[in-house]
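Each protein sequence line maps, in turn, to chains A and B. Anchor point for the first sequence: position 227 equals 227 in the numbering used here, and the numbering is continuous, going up by one each time. Whatever position you read off the second sequence (first residue = 1), add 1000 for the numbering used here.
These aren't lab readings, by the way, just hints derived from the structure by calculation. Any given hint could be a false lead.
[Said to hold, decoys possible] Chain A stretches covered by chain B per the calculated footprint, using a threshold of three residues with CB under 8 Å from any CB of chain B:
#1 55-63
#2 188-196
[Said to hold, decoys possible] Just some of the chain A residues that point at chain B, by a computed CB distance under 10 Å:
#3 S82
#4 F84
#5 L175
#6 Y208
#7 T218
#8 S236
From the three backbone atoms N, C-alpha and C, an ideal C-beta is built for every residue, glycine too.
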Amino acid sequence: MALDAVSEGSPASEFWNGARLSIPVVVAAGPFAMLFGALAMDNGFSVFEAVLMSAAIFGGASQMVGIELFGHHVAPWLIVLSIFAVNFRHVLYSAAIGRHLAHWPRMQQVAGYFLLTDPQYAIAESRALSGRKVGFVWYMGGALSVYVSWVFLTLLGALFGRLIPDTTAIGMDFLLPIYFLGLVMEFRKRPLWLPVVAVSAVASIVAYRIVGSPWHVTLGALAGILLAVILPPHHSGVGERP
Amino acid sequence: MSTTFWIIIAGAVATYFTRIGGHLILSRFNTIHPRVEAGLNAVPAAVLTTLVAPAVLTAGPAEWVALAVTALASLRGGLMTMFLAGVAALILCRQFVS
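Take these sequences, add in the hints, and give me the full structure.
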């Protein structure tokens, strides 16, 4: 393949390395971008507003919640608060990935954090775990492919939403859980992986039943993180054994 | 500009704060306590799990098979292999179930 001929580490090959990792995200999230565009029109958005929301917020679940509440004529501040609640998990990503982006110039960091989504966090953390540098160009290769397709497919959904067929038969509705499970498995060699996954799974299901979505994400994640914090740090591969 | 426009802008500002906020808070400290570092190392498994777990609960046999195949594929291949194997299993199973 022509791409492989480019010398290791050149900006172009770094960019494409990142972009290639994002192909599953583009495939899995694409239908949701189109669905969002179509639903936004149903809920009284203009095409411009639908595309603006995808371009400015760039967070699928929070956008869905936003237009859903908008359709029910909920108070504006409550819609904004709900978007904040759904996206709150990013605080954890941001705290965790900061260690690996700290060597970037400030403006690159400002841009990088704007594009910090679930999959982007996961591929960046996974790259850092494998001992390779998380470079700006590589990061943008992954993040921009998802961003551009997300915004563009929102536009298509808003314009041609009525033409979207029933996609359940080909499994479109369950692509994201499969993709996220794949990401969970990527980290299976990390110390304490299984206990953290078990605790977070149980806690998120309990929270989902009792408190409801989207808080099950933050509560479930905090339970797993708390386990790692409470146990002596060497269980997590941090510091020295006592 | 309409109310909708301002809701979107406010939502975008709130979202950006969540994306850069964790880093800004943490970067105020010069050293990271081992327990904090242990907690940060647990972030990916902890958060990503919560995005899957409730979906498992509300899904049916076809979805469960797909997730099992995804997990099994992780023993042999990378992320793309897992994803394609899981999706193939899902499409196949849905032809028979439902």
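Each hint, compared with the structure:
Interface restraint, the stretch 55-63 of chain A with chain B: holds (5 residues with C-beta to C-beta distance below 8 Å; minimum three). Coverage of the stretch 188-196 of chain A by chain B holds [criterion: at least 3 residues with CB-CB distance below 8 Å; count 6]. At about 9 Å, the closest approach between the beta carbon of S82 (chain A) and any beta carbon in chain B falls short of 10 Å, and the interface hint on this residue holds. For the restraint placing F84 (chain A) at the interface with chain B, the shortest Cβ-Cβ distance is roughly 4 Å, inside the 10 Å limit, so the hint holds.
The beta carbon of L175 (chain A) comes within 6 Å of a beta carbon in chain B, closer than 10 Å, and the hint placing it at the interface holds. Satisfaction of the interface hint for Y208 (chain A) is found here, the shortest Cβ-Cβ separation to chain B being roughly 4 Å, below the 10 Å cut-off. Proximity of T218 (chain A) to chain B holds as hinted, the smallest CB-CB distance being about 8 Å (cut-off 10 Å). With its C-beta approaching chain B no nearer than about 4 Å, S236 (chain A) sits inside the 10 Å limit, and its interface hint holds.
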